[in-house]
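Could you slot chain B onto chain A? The hints should help.
Residue numbers (the numbering used here), protein chains in the order written: chain A, 3 to 308; chain B, 32 to 455.
It is worth saying that the hints were derived from the structure and are not from the lab.
Keep in mind that the hints are not guaranteed to be accurate.
[Unchecked claim] Here are some chain A residues pointing at chain B (derived, C-beta under 10 Å): (1) Ser130; (2) Lys145; (3) Gly254; (4) Pro256; (5) Glu270; (6) Tyr274.
Glycine is no exception: its CB is placed at the ideal position from the N, C-alpha and C atoms.
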Amino acid sequence: MAALSLKKTVNSGGLKKWRRTETMTAYGFTLPTVILLLGFSLGPAAYAFFLSGVSWNLLNHMHWVGLHNYGVIFHMPLFWTSVKNSVIFAAVVMPVQTVIAMVFAVIMNQNLPARPLYRLAFFFPSISSSAVASVMFMWIFNKLGLLNSFLSVIHISGPNWIGNPHFALSAIMILNIWSTAGYFMVVFLAGLQAIPQNMYEAAAIDGASGFQRFLRITVPLLRPSTFFIVIMGMIGTLQMFDQSFIISGGTGGPLNSTLTVSLLIYQEIFSYGHVGYGAAATVFLFVLVLGLTLLINRWLGKPVEY
Amino acid sequence: MKRVKGLAVVSLMSLSAVALAGCGTGAAPSSAGSPGKPVTIVVASWAGTNVTNGIIDAQLAAFNKAHPSIHAVYRPISGDYETLLKTEFVAGDAPDIITLNNGGEAPTFESEGVVVPLNSYIAQSHYSLGDFFAGAMNMFKAGNTVYGLPRDQSPLVLYYNPAMFKQAGISGPPTTWAQMQADAQKLTNVSAKVYGLVQTPQEPRWAQFIYQAGGSVMNPAMTKMTLNTPAALQGFSYFVHLYRMGVAAQPSQVGATWGGQALGMGHAAMTLEGAWAIPYLQDTYPKTPFAIATLPRGPVNNESLDFPTAWAITKDAAHPKQAWEVIRYLTGPGEARWVEQGGLVTVRKSLVNMPYYQAHPIYKNILAQLPGAIPWNFPNGFDQYVNSTLSNVSLLAVEGKISPQAALQQLQSQGKSILQQGGN
Numbered sequence: 003m004a005a006l007s008l009k010k011t012v013n014s015g016g017l018k019k020w021r022r023t024e025t026m027t028a029y030g031f032t033l034p035t036v037i038l039l040l041g042f043s044l045g046p047a048a049y050a051f052f053l054s055g056v057s058w059n060l061l062n063h064m065h066w067v068g069l070h071n072y073g074v075i076f077h078m079p080l081f082w083t084s085v086k087n088s089v090i091f092a093a094v095v096m097p098v099q100t101v102i103a104m105v106f107a108v109i110m111n112q113n114l115p116a117r118p119l120y121r122l123a124f125f126f127p128s129i130s131s132s133a134v135a136s137v138m139f140m141w142i143f144n145k146l147g148l149l150n151s152f153l154s155v156i157h158i159s160g161p162n163w164i165g166n167p168h169f170a171l172s173a174i175m176i177l178n179i180w181s182t183a184g185y186f187m188v189v190f191l192a193g194l195q196a197i198p199q200n201m202y203e204a205a206a207i208d209g210a211s212g213f214q215r216f217l218r219i220t221v222p223l224l225r226p227s228t229f230f231i232v233i234m235g236m237i238g239t240l241q242m243f244d245q246s247f248i249i250s251g252g253t254g255g256p257l258n259s260t261l262t263v264s265l266l267i268y269q270e271i272f273s274y275g276h277v278g279y280g281a282a283a284t285v286f287l288f289v290l291v292l293g294l295t296l297l298i299n300r301w302l303g304k305p306v307e308y
Numbered sequence: 032m033k034r035v036k037g038l039a040v041v042s043l044m045s046l047s048a049v050a051l052a053g054c055g056t057g058a059a060p061s062s063a064g065s066p067g068k069p070v071t072i073v074v075a076s077w078a079g080t081n082v083t084n085g086i087i088d089a090q091l092a093a094f095n096k097a098h099p100s101i102h103a104v105y106r107p108i109s110g111d112y113e114t115l116l117k118t119e120f121v122a123g124d125a126p127d128i129i130t131l132n133n134g135g136e137a138p139t140f141e142s143e144g145v146v147v148p149l150n151s152y153i154a155q156s157h158y159s160l161g162d163f164f165a166g167a168m169n170m171f172k173a174g175n176t177v178y179g180l181p182r183d184q185s186p187l188v189l190y191y192n193p194a195m196f197k198q199a200g201i202s203g204p205p206t207t208w209a210q211m212q213a214d215a216q217k218l219t220n221v222s223a224k225v226y227g228l229v230q231t232p233q234e235p236r237w238a239q240f241i242y243q244a245g246g247s248v249m250n251p252a253m254t255k256m257t258l259n260t261p262a263a264l265q266g267f268s269y270f271v272h273l274y275r276m277g278v279a280a281q282p283s284q285v286g287a288t289w290g291g292q293a294l295g296m297g298h299a300a301m302t303l304e305g306a307w308a309i310p311y312l313q314d315t316y317p318k319t320p321f322a323i324a325t326l327p328r329g330p331v332n333n334e335s336l337d338f339p340t341a342w343a344i345t346k347d348a349a350h351p352k353q354a355w356e357v358i359r360y361l362t363g364p365g366e367a368r369w370v371e372q373g374g375l376v377t378v379r380k381s382l383v384n385m386p387y388y389q390a391h392p393i394y395k396n397i398l399a400q401l402p403g404a405i406p407w408n409f410p411n412g413f414d415q416y417v418n419s420t421l422s423n424v425s426l427l428a429v430e431g432k433i434s435p436q437a438a439l440q441q442l443q444s445q446g447k448s449i450l451q452q453g454g455n
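Extracted from the complex, chain A is given alone in its bound form (with noise of 0.2 Å):
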């Protein structure tokens, strides 16, 4: 039957034809995708840009105001603050994260004894959920909890990680690096495996020790993997919310220390009643955002040769 629609479509001498259904079919089955890409994400993205114009506290009527919520939030120093917040948590774990992700992978491709038991210790936290991650990790950063006890032992008095507005942030940090390190590592380990073995081979005959095989052939070559893997980070750094709101309790303390953008946005259009600053505030990371990707899309996004 295809064979036979298929020699129809060709004698009729519609090539041209024949694409053309080709095309409507590919739209077809990309059609359910389209609708939901646009009703779900491209359209409240949208949406969200109309809501930085407003004035709106979600139970009473809106009314356009310009781009007045921009100079409020620009103005407003606790913004700053979780911008502040955002940024610094992004600078530490996502090159962090890189790293260790990295670090890993290589020592996981080696030839080690139960090595699929490790892989899979390092990948199970990017399988658990990040709620319940978050409460096992107030348990451990607890002032009188799992990693104080450790520090006791050596003798360092541990701080109140988590009541501690100078600590509480780091806090964070280290749960997000744990939590997330193991799905970058399986990234990088698919990486590794299209390095071609040879160069490797080849540069060991020219004398190359362990160390600088890692430095001038491995890391270089895990490029496109580096590349997507500090796109994605960045930007998951940059949206961070759920570890901060179930640490703090809601309220990015102690001393909005832990007030991340997207905290900020939450509290101030769902607690406060602000939807125009937190819509804004939106707009601003999504700039944010699309500015370092672009950024970084010009350093690392070139392709690999040698």
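Relative to chain A, chain B alone:
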């Protein structure tokens, strides 16, 4: 088969009985649709303890039995209660009945018109409001408009660990500020991680000291901030001083999240909480002894704060008449059940002598603290102030980064500017 038929006959009979009774009172569920198809009324509250959830379930089951034309179901909301409700109000499918909380949530919902006035229903069914404690009742009124009928309440009281007191050679709970401070000092043992008082430095745990010194947070009409008085400073300074002396601590310093937990864990000799800590301590820390006393007396009095909640009908209720019947039951016969089953403290003056309270003397001092307790409330527009400003500024003072005076000045001026902007 026979039994099913019998049941059907009985339920039909009871249905018609209700329909007849309805005709008599004039509050007939005429909008209820065809008989045999009960109207569903969704009753929502924050997911409380197993105790409160169980009580509400039992109350509604009893109501449904007596009112076959209405089917009331309980929907506990876990997580961020008010936030979730707001999103449901936007979508227009909020529950028919919600619980209004203290601390400024009621004025916000009232002024946005998402809960409906109950005056006409109250008048129609000759419902008397006189039996409710005035503090609890007034919190859910705006002028003469009633938006909610009280469900439960609890004043702040002093929880203490009698074993620790005995060990320190203290005969009983403190009755004055000076005694509380001296006792806290005796009971504090920093190396053992035990503090005289463990308490989150948030306003609903220190405002009572201001009232006890003769001051107030706002004027009774909630139109003016009054934190700039000497009495307010005296009350707040007393609280801050306990932390600066090192005899009071924040829960996180002893690995707890709130005062009640710290007491249960044995890291606190005293804490200030409401009646909600009783079932928590009994269930979670059965080995830790605790007792309850009225608050120690300040320079002027020993007034406490009160935390009432209320039932209200939302704008999204399709059958407000039936919803009112549910509220009428919950605040009437249901309120008695509430007490019988050990819920929080009753909001009806006539119920304070219920046998349950006689059999459970732990409630004695809680009931004794009720008269004069100040309902904890804020006007519309204070969401952020209540949720973060108050705790942040208190924390700075407690940690010694700013003086109590500077803290109160900040709170006074920020509250003032919210009032000047007229809410939002």
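Would you list, in rising numerical order, the hints stated earlier that this structure does not obey?
1
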